[in-house]
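By my numbering, the letter at position 6 of the sequence shown is numbered 6, and the numbering carries on one by one without gaps.
Treat the hints with care, as some may be off.
[Unchecked claim] Between beta-carbon pairs, the in silico distance windows are:
#1 Leu93 <-> Asn9: 30 to 38 angstroms
#2 Leu93 <-> Met35: 28 to 36 angstroms
#3 Gly97 <-> Met35: 36 to 44 angstroms
#4 Arg69 <-> Ala18: 18 to 26 angstroms
#5 Ala71 <-> Lys3: 16 to 24 angstroms
#6 His49 <-> Arg16: 15 to 23 angstroms
#7 Gly97 <-> Leu68: 35 to 43 angstroms
Simulated from the structure, these hints should not be mistaken for laboratory data.
As the structure is a computational prediction, the values presented were derived from the model and not from experiment.
Glycine residues also receive a C-beta, built at the ideal position from the N, C-alpha and C atoms.
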Amino acid sequence: MAKYVILINWTDQGVRNATDTVTRFEQSRDAFQQMGVTIETVYWTLGRHDLVGILEAPDDQTLAAALLRLAGMGNVRTEALRAFTADEMGGILQHLG
Numbered sequence: 001m002a003k004y005v006i007l008i009n010w011t012d013q014g015v016r017n018a019t020d021t022v023t024r025f026e027q028s029r030d031a032f033q034q035m036g037v038t039i040e041t042v043y044w045t046l047g048r049h050d051l052v053g054i055l056e057a058p059d060d061q062t063l064a065a066a067l068l069r070l071a072g073m074g075n076v077r078t079e080a081l082r083a084f085t086a087d088e089m090g091g092i093l094q095h096l097g
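Please work from the sequences and hints to get the whole structure.
As structure tokens, this is what we get:
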């Protein structure tokens with residue numbers, strides 16, 4: 001399973017609905033699980049991004065579908081970063097020759 005770091009920002013609608021953020025997270029976690037995506041952890045943050053999540057998915061397409069479904073609700077916009085473990089990075093570096 002691939003790991004991803006997800007940077008999340010509230011839309012104007014998301015800010016207006018901020019009091020429901022924990023409930024929305026729990027609903028998203030359940031919906032993602034049904035799609036094969038596991039939310040390992042989410043942090044509400046200060047600074048440029050409102051939340052940061054660590055997710056696991058079988059592939060990029062599955063993650064993209066889950067994030068599109070989430071974005072369609074109108075409360076957040078996301079940026080996904082593919083994360084690599086040290087072992088995975090070692091395998092990548094072997095391709096350099």
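Right, here's what the structure says about each hint:
| no. | hint | result |
| --- | --- | --- |
| 1 | Leu93 <-> Asn9: 30 to 38 angstroms | holds (33 angstroms) |
| 2 | Leu93 <-> Met35: 28 to 36 angstroms | holds (32 angstroms) |
| 3 | Gly97 <-> Met35: 36 to 44 angstroms | holds (38 angstroms) |
| 4 | Arg69 <-> Ala18: 18 to 26 angstroms | holds (21 angstroms) |
| 5 | Ala71 <-> Lys3: 16 to 24 angstroms | holds (20 angstroms) |
| 6 | His49 <-> Arg16: 15 to 23 angstroms | holds (18 angstroms) |
| 7 | Gly97 <-> Leu68: 35 to 43 angstroms | holds (37 angstroms) |
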